[in-house]
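Novice: One line per chain: the protein sequences are A and B, in this order.
Following my numbering, the numbering of the first sequence begins with 1 at its first residue and continues without gaps.
Following my numbering, the numbering of the second sequence begins with 1 at its first residue and continues without gaps.
Any given hint might turn out to be false.
[What the hints assert, rightly or not] Cross-link-like lysine to aspartate or glutamate pairs, in silico, EDC-like; alpha carbons within 16 Å at most:
no., chain 1, residue 1, chain 2, residue 2
1, B, K183, A, E280
2, A, K158, B, D47
3, A, K158, B, D32
[Said to hold, decoys possible] Here are the computed distance ranges between Cβ atoms for each label pair:
no., chain 1, residue 1, chain 2, residue 2, range
4, B, H146, A, S219, 54 to 60 Å
5, A, L29, B, V270, 34 to 40 Å
6, A, L211, B, D32, 53 to 59 Å
[To be verified] Short derived list, chain B residues pointing at chain A, Cβ under 10 Å:
no., residue
7, F17
8, I18
9, A171
10, T176
11, A179
12, G282
13, F291
14, A292
15, L301
16, V304
No wet-lab data here; the hints were simulated from the structure.
Where is the CB? At the ideal position from N, CA and C, for every residue including glycine.
Given next are the chains, with one letter for each unit.
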Amino acid sequence: MAEIVKPLPKIATIPVDELETPPLSLAQLTWRRFLRHKMAVAGGVVLLLLILYAFGGALFFRESYANYNDTSLSLAPPSLAHPFGTDSIGRDIFARTVYGGQISLLIGLFAVTIETCVGILIGAIAGYYGGIIDNILMRFTEAMLNIPEIFLLIVMAKFFGGKIPELTIFGRLYSGSLIVIIVIIGLTSWMYLARIVRAEFLSLKANEFVLAARATGTSNRQIIFRHILPNSVAPIVVTATLGVANAILAEAYISFLGLGVQPPTATWGNMLDGANQYIESAPWLWFFPGLLILLTVLSINFLGDGLRDALDPRGRAI
Amino acid sequence: MTRYIVRRLLQGIPLLFIISLILFVLMMNMGDPVANMGGRRVTRSSDYIRLKRQLGLDKPIVVQYAYWLIGNDWTKMDLDGDGIAETSGTRHGILRGDFGTSLVNRGVPVLTVIWQRLPNTLILMISAEIVIVLGALLAGVYSALHQYSGADNLITTFSFIGYSMPIFFIALILMTIFAVLFKRWGLPYLPTVGMFDPQVGKTVGQVLLHMVLPVISMSIISFASYSRYIRSTMLEVLSQDYIRTARSKGLPRPVVVYIHALKNASLPIVTVVGLDLPLLLGGAVVTERIFAWPGMGRLFLDYVGRADTPVVMGILMLIAAAVVVFQIITDIVYAWLDPRIRYD
Numbered sequence: 001m002a003e004i005v006k007p008l009p010k011i012a013t014i015p016v017d018e019l020e021t022p023p024l025s026l027a028q029l030t031w032r033r034f035l036r037h038k039m040a041v042a043g044g045v046v047l048l049l050l051i052l053y054a055f056g057g058a059l060f061f062r063e064s065y066a067n068y069n070d071t072s073l074s075l076a077p078p079s080l081a082h083p084f085g086t087d088s089i090g091r092d093i094f095a096r097t098v099y100g101g102q103i104s105l106l107i108g109l110f111a112v113t114i115e116t117c118v119g120i121l122i123g124a125i126a127g128y129y130g131g132i133i134d135n136i137l138m139r140f141t142e143a144m145l146n147i148p149e150i151f152l153l154i155v156m157a158k159f160f161g162g163k164i165p166e167l168t169i170f171g172r173l174y175s176g177s178l179i180v181i182i183v184i185i186g187l188t189s190w191m192y193l194a195r196i197v198r199a200e201f202l203s204l205k206a207n208e209f210v211l212a213a214r215a216t217g218t219s220n221r222q223i224i225f226r227h228i229l230p231n232s233v234a235p236i237v238v239t240a241t242l243g244v245a246n247a248i249l250a251e252a253y254i255s256f257l258g259l260g261v262q263p264p265t266a267t268w269g270n271m272l273d274g275a276n277q278y279i280e281s282a283p284w285l286w287f288f289p290g291l292l293i294l295l296t297v298l299s300i301n302f303l304g305d306g307l308r309d310a311l312d313p314r315g316r317a318i
Numbered sequence: 001m002t003r004y005i006v007r008r009l010l011q012g013i014p015l016l017f018i019i020s021l022i023l024f025v026l027m028m029n030m031g032d033p034v035a036n037m038g039g040r041r042v043t044r045s046s047d048y049i050r051l052k053r054q055l056g057l058d059k060p061i062v063v064q065y066a067y068w069l070i071g072n073d074w075t076k077m078d079l080d081g082d083g084i085a086e087t088s089g090t091r092h093g094i095l096r097g098d099f100g101t102s103l104v105n106r107g108v109p110v111l112t113v114i115w116q117r118l119p120n121t122l123i124l125m126i127s128a129e130i131v132i133v134l135g136a137l138l139a140g141v142y143s144a145l146h147q148y149s150g151a152d153n154l155i156t157t158f159s160f161i162g163y164s165m166p167i168f169f170i171a172l173i174l175m176t177i178f179a180v181l182f183k184r185w186g187l188p189y190l191p192t193v194g195m196f197d198p199q200v201g202k203t204v205g206q207v208l209l210h211m212v213l214p215v216i217s218m219s220i221i222s223f224a225s226y227s228r229y230i231r232s233t234m235l236e237v238l239s240q241d242y243i244r245t246a247r248s249k250g251l252p253r254p255v256v257v258y259i260h261a262l263k264n265a266s267l268p269i270v271t272v273v274g275l276d277l278p279l280l281l282g283g284a285v286v287t288e289r290i291f292a293w294p295g296m297g298r299l300f301l302d303y304v305g306r307a308d309t310p311v312v313m314g315i316l317m318l319i320a321a322a323v324v325v326f327q328i329i330t331d332i333v334y335a336w337l338d339p340r341i342r343y344d
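Looking at chain A on its own, in the form it has when it is part of the complex (with noise of 0.2 Å):
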């Protein structure tokens, strides 16, 4: 006995610094897990340089430049004063790019939170009631799933279309229509996340913490959002990471057929709208906003497989 307890206080003495490796806490094996992904790294950069980019150079033009039409100069080559070219109607190509950017981000972004917000709603009250209710709501996620997301975008956009009048926020002008895009993306690619989620809490829901919790009279609410939801965000960061350039990718589809955000407001789908008329005469019209949509979900895309590496349970090599 006396053998083993005398060691002890000696390793307890040496003060947390003097240890030749500190402890790591999981957000920084996380970190460390996630920079060994040279791509994700990547992404994350070119990412950041994109928002740059699409925000910064707001600093440069107003948006009424972007929306400038100069008819005289309409399919004009790149040059100095327009490095990007001119639109069919003349205005400047790189600004709208800029401002289209800012869109299309924010489009990501907003679809992203409905998407999550309705996924983990449906999912945490499928896998958390279980019976009917999961029953009944799982259905209704497979009869989502089941028609092809682009029809249903489609779909979507005729039956919220033209209902919502324009719209000033932070004294710019924005059509209506872009709240109707954000709105159908959400609502049209909530079912993965759903069924992830639903999965999580199927499987949480039967630990001890849950039974305790439970116990001790946690409310229902209180157990599905501060006791089993926080277990499940790894999942849930991930698939909404990739979901972003999922939706970048909708909104671009969707303006591509006419029916997204409608003009003047740029985003880069819609100014790509018409573009193929265009492929012999004036390529710069669609090559720039395509290749900035390339390059931001393809980034998006690293930085997601990373995140997915790194947030890995199994993966906890460091």
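We have chain A already, so just place chain B on it with the hints.
Specialist: For chain B alone, coordinates are given in the frame of chain A:
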């Protein structure tokens, strides 16, 4: 097994019912199909009311849904607007296989409208699917056999780019290179739009030529998810004991890789392909729009634009039904291929 199939089929029925309800509610705000029926002339308000009544569009949504679902030949309709129902209905309802008639092309059955476009879409989509699966198999197997090599990294990067690429961007790039620039350089160039050159006619060669660009565009986009999947299942199988046994008993490498490993690795791929097959029916909305391919995707866009609810509902329900049926078929095929799986 039979019990399993029957149970799955029975589960599919309420599912399709829910889908049809969701879609029918979404259809209610598609626009007014009657408003521009008069062509350039403004429809007179008396005609407008009469048309709405004859098409059954003045009924409440619940009644419209009921007529769409089970038909109206069991009841009498009031077509002349005097408040007395005198004409018996003619619709049989979708449950009895009657998808209704198009509102825009008056009287043409929905199925006729769809059958006209379906072959075009299937030609395009099945070719693309074959190219995608073959390409992904080659790339995936190669990647798995040379894990972390330069080529593997290259394929990974390429598939990430393809996965993130908006289809219209790659389509426009390919059009610029192979149609515009090749033409400018005096090389043989590819056509960009349509299904055939109207001056030559709809010959096999023409259709093939017009298919090249859309098929390549779609392949680049969809190639990624398959090849990544094949790579990972292949890697998993290659580390199994029976592969080591096969190698150690001296079997030639190609036999081990293609007979022993690939056969088992391709099982999960059957699932992925099987679940994607029904989506081919719907065509590719954006691709068909860019390349002006007269398929289902463009049909859908056109008829959504003209608020032709029966046709739009018909297309969506066909796809949804195909998705449900293919999910069941995929499960059955999977169980048949892999004896370890039992559904009972």
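Novice: Now tell me, hint by hint, if it's right for this structure.
Specialist: Status of each hint after checking the structure:
| no. | hint | result |
| --- | --- | --- |
| 1 | K183/B to E280/A | 10 Å, holds |
| 2 | K158/A to D47/B | 26 Å, violated |
| 3 | K158/A to D32/B | 12 Å, holds |
| 4 | H146/B to S219/A: 54 to 60 Å | 56 Å, holds |
| 5 | L29/A to V270/B: 34 to 40 Å | 38 Å, holds |
| 6 | L211/A to D32/B: 53 to 59 Å | 57 Å, holds |
| 7 | F17 | 9 Å, holds |
| 8 | I18 | 4 Å, holds |
| 9 | A171 | 8 Å, holds |
| 10 | T176 | 6 Å, holds |
| 11 | A179 | 7 Å, holds |
| 12 | G282 | 5 Å, holds |
| 13 | F291 | 9 Å, holds |
| 14 | A292 | 9 Å, holds |
| 15 | L301 | 7 Å, holds |
| 16 | V304 | 6 Å, holds |
Checked against the numbered hints listed earlier, the structure breaks hint 2 alone; every other hint is satisfied.
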